[in-house]
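> Required output: the full structure, derived from the provided sequences and hints.
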Amino acid sequence: MHAPANQRVLILVASGPSTPVRCAAPFHIATLLACMDAEVTLYLTGEGTQLARRDVAESLRAVADGEPLLHFIRNARLAGARLLMCRQPGVDLTGIALIDELDEISSGGELAQMILEYERVLTL
Amino acid sequence: MNLHGLEFPDTLRYAPEHSLWLREEDDSSVTLGLTAYGCALYGQIFAFTPKRVGMRIERDRGFGVVEFAKAAASARSPLTGELLAVNEALRERPSLINRDCYGEGWMARLQPLDWPAIRDQFPQGETALAAIAERMRLDNFDPANVHVQALQWK
Chain A
0 MHAPANQRVL ILVASGPSTP VRCAAPFHIA TLLACMDAEV TLYLTGEGTQ
50 LARRDVAESL RAVADGEPLL HFIRNARLAG ARLLMCRQPG VDLTGIALID
100 ELDEISSGGE LAQMILEYER VLTL
Chain B
0 MNLHGLEFPD TLRYAPEHSL WLREEDDSSV TLGLTAYGCA LYGQIFAFTP
50 KRVGMRIERD RGFGVVEFAK AAASARSPLT GELLAVNEAL RERPSLINRD
100 CYGEGWMARL QPLDWPAIRD QFPQGETALA AIAERMRLDN FDPANVHVQA
150 LQWK
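Here the protein sequences come in this chain order: A and B.
Under numbering that gives the first Met the number 0, the residues of the first sequence are numbered 0 to 123, in order.
Under numbering that gives the first Met the number 0, the residues of the second sequence are numbered 0 to 153, in order.
No lab work stands behind these hints, which were simulated from the structure alone.
Yeah, the Cβ is synthetic: ideal placement off N, Cα and C, and Gly gets one too.
Where hints are given, some of them may not hold.
[What the hints assert, rightly or not] Here's a subset of chain A near chain B, in silico, CB distances under 8 Å, partners left out:
(1) T30
(2) L31
(3) C34
(4) M35
(5) D36
(6) E66
(7) H70
(8) N74
[What the hints assert, rightly or not] Ranges of calculated distance between the beta carbons of each label pair, as one might list FRET restraints:
(9) R92/B - A111/A: 39 to 49 Å
(10) V62/A - N139/B: 25 to 35 Å
(11) R60/B - Q112/A: 23 to 33 Å
(12) H3/B - L115/A: 48 to 58 Å
What follows is the structure, encoded as structure tokens:
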């Protein structure tokens with residue numbers, strides 16, 4: 000049930016604003032895994048990259064009266080999860096406010112390397 | 000003993016930084032549970048998922064995960080030892096922690112590596128109360144607004 004020390008889990012977050020009901024779960028699962036001593040990396044890819052936009056993270060809710068997504072992202076970060084976002088060729092981020100909780104904007108190559116190296120890879 | 004309306008039995012030892020109480024058993028094992036202060040910070044607890052019995056738990060590593068309103072946190076052990084038992088009743092009724100944190104809501108029992116050598120690291124009585132009060136001060140604990148703080152606690 001609990002991860003051996005330093006077990007690494009990569010969570011690919013592909014869900015985005017078109018499916019808000021799916022957007023909180025990856026961060027909550029990351030929180031639980033980090034609490035169980037796993038080394039967790041969340042990687043925003045595809046439509047999931049939209050979740051790193053401050054306006055989206057502050058307003059998107061998985062359930063109507065629930066907490067905004069940023070709440071779940073912060074919990075995951077507090078628990079120790081790392082948050083990366085895919086650098087998408089051709090997408091200009093100039094002038095777009097991103098959340099402070101984002102650790103790094105990363106390349107597809109770095110993602111591929113993590114997929115090969117990590118013990119567990121989930122796509123949510 | 001009472002602090003801000005929260006009860007702290009003077010028969011127990013405390014780990015203020017972990018918001019846990021400790022009780023030395025006759026067989027030299029130690030039972031752990033969340034203090035009333037920990038309960039106030041978490042709010043309603045929805046689940047407690049312990050590690051497996053038999054595992055060695057290092058000091059400051061988690062012996063389980065507590066899920067509460069809108070968040071989760073690792074229940075970190077204040078001592079190194081083997082996990083001897085977990086409170087199975089909490090799987091079905093995690094609310095026992097809130098309802099009876101010093102009794103039926105106990106969380107885990109550990110066999111410490113060298114309990115006599117570390118026993119005095121965990122204060123009792125007025126010394127414990129002063130340490131818990133200091134912890135509350137460092138946490139900026141406001142008894143009138145506990146649920147907001149639960150989400151800031153880690």
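> Min Cβ distance, L31/A to chain B: is it shorter than 8 Å?
holds (5 Å)
> Grab the minimum C-beta distance from E66/A to chain B and call the hint holds if it beats 8 Å, violated otherwise.
At about 6 Å, which falls below the 8 Å cut-off, the nearest Cβ of chain B leaves the hint on E66/A intact, so it holds.
> Is the hinted range of 39 to 49 Å satisfied by the C-beta distance from R92/B to A111/A?
holds (45 Å)
> Taking the least C-beta to C-beta distance, is D36/A closer than 8 Å to chain B?
Constraint on D36/A satisfied, holds at 6 Å.
> Do the Cβ positions of H3/B and L115/A conform to the proposed distance bound of 48 to 58 Å?
The hinted range 48 to 58 Å holds for H3/B and L115/A, with Cβ atoms some 52 Å apart.
> Is the gap between the beta carbons of V62/A and N139/B within 25 to 35 Å?
Holds: the Cβ-Cβ distance is about 30 Å, inside 25 to 35 Å.
> Would the hint on M35/A stand, with a C-beta cut-off of 8 Å toward chain B?
For M35/A, the interface hint holds, since the closest Cβ of chain B sits about 6 Å away, which is under 8 Å.
> Regarding the hint that H70/A lies at the interface with chain B, is the smallest CB-CB distance below 8 Å?
Holds: closest Cβ of chain B sits about 7 Å from H70/A, inside 8 Å.
> So, T30/A near chain B? Judge it on the closest CB pair being under 8 Å.
holds (5 Å)
> Min Cβ distance, C34/A to chain B: is it shorter than 8 Å?
For C34/A, the interface hint holds, since the closest Cβ of chain B sits about 4 Å away, which is under 8 Å.
> Would the hint on N74/A stand, with a C-beta cut-off of 8 Å toward chain B?
Hint on N74/A: holds, closest Cβ of chain B at ~5 Å, below 8 Å.
> Take the C-beta atom of R60/B and the C-beta atom of Q112/A, compute their distance, and say whether it sits inside 23 to 33 Å.
Once the Cβ atoms are compared, 28 Å apart, the range 23 to 33 Å for Q112/A and R60/B holds.
Violated hints are absent here; each numbered hint is respected by the structure.
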